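J.: Sequence:
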Amino acid sequence: YVDERKIASLGLRVKRGACYHGVSLNIDMDLTPFSYINPCGYAGMEVIDMRSLGIDITMTEAKQQFVSAFQQQTQLGNNA
1 YVDERKIASL
11 GLRVKRGACY
21 HGVSLNIDMD
31 LTPFSYINPC
41 GYAGMEVIDM
51 RSLGIDITMT
61 EAKQQFVSAF
71 QQQTQLGNNA
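Each residue of the sequence shown is one higher than the one before, counting from 1 in the numbering used here.
Note that these hints are calculated values from the structure, not bench results. As the structure is a prediction and not an experimental result, all values here were calculated from the model. It is possible that part of the hints are untrue.
[As the list claims (entries may be wrong)] Computed spacing ranges between beta-carbons, pair by pair:
hint: 1; residue 1: G77; residue 2: S35; range: 30 to 40 angstroms
hint: 2; residue 1: D3; residue 2: P33; range: 36 to 46 angstroms
hint: 3; residue 1: R13; residue 2: F66; range: 13 to 23 angstroms
All C-beta atoms in this analysis are idealised placements derived from N, C-alpha and C, irrespective of residue type, glycine included.
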């Protein structure tokens with residue numbers, strides 16, 4: 001969340017012993033469809049993207065930064 005506006009989503013589901021998960025980050029998109037739903041079940045919750053915040057980043061750059069941060073936090077990808 002950025003100033004109580006939703007910028008990312010995280011999902012988790014367990015079904016028949018299998019875990020399904022996902023994450024999304026709103027980078028530069030048409031946010032209109034979010035006005036038709038209640039994000040996370042909250043009526044009136046505003047959804048925002050990075051472009052609206054003045055952050056100019058490409059999908060490739062965002063992926064690289066996300067993977068790097070994820071690896072650092074989980075210590076995955078470290079060969080030490």
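J.: Next, verify each hint and record whether it holds.
T.: Okay, the hints, checked on the actual structure:
Checking the proposed 30 to 40 angstroms range against G77 and S35 shows it holds: the Cβ atoms sit about 38 angstroms from each other. Judged by the Cβ atoms, the range 36 to 46 angstroms given for D3 and P33 is violated: they are separated by roughly 21 angstroms. Our hint of 13 to 23 angstroms for R13 and F66 holds, since their Cβ atoms are close to 21 angstroms apart.
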